[in-house]
Structures are given as C-alpha cells and as structure tokens.
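Enquirer: Sequence:
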Amino acid sequence: AVETPVNLTTRQRELLREFEQLSAENNPEGNSFFTKVKGFWDGMKG
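Whatever position you read off the sequence shown (first residue = 1), add 6 for the numbering used here.
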C-alpha cells in the first residue's frame, strides 16, 4: 500500500522539491512523475 501524506510542513515541501530536482538530474525520464507529484501538491495548497 502507498500512503499519500496530506499535511506537509514547509520543510517537508522544500525537501520534496529538492528531491525532485536531484532526481531529475539523475533520471530525465522520471520528470513526468515528479511533474505530476508537484501538480498534486500545488493543487493541495489551493
């Protein structure tokens, strides 16, 4: 099962964005996944 966190702290959001950037550098094909994740989190912020 995969749990999706819904209440991230500011620091957790920063770390997720940093992880996204590092992952994109190492795996360009993974960009679409992180683009979707970012869109999801941005949507949660309203």
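Hint data in this document are derived by calculation from the structure and do not stem from the laboratory. Possibly wrong hints are sitting among the right ones.
[Stated by the list, open to error] No more than 20 Å apart at the CA atoms, straight line, and that leaves these computed lysine to aspartate or glutamate pairs for EDC-like:
(1) 51 x 9
(2) 42 x 9
(3) 42 x 26
(4) 44 x 20
Enquirer: Give a verdict on every hint.
Expert: Evaluation of the provided hints:
| no. | hint | in the structure |
| --- | --- | --- |
| 1 | 51 x 9 | holds, 18 Å |
| 2 | 42 x 9 | holds, 16 Å |
| 3 | 42 x 26 | holds, 11 Å |
| 4 | 44 x 20 | holds, 11 Å |
Taken one by one, the earlier hints all hold for this structure without exception.
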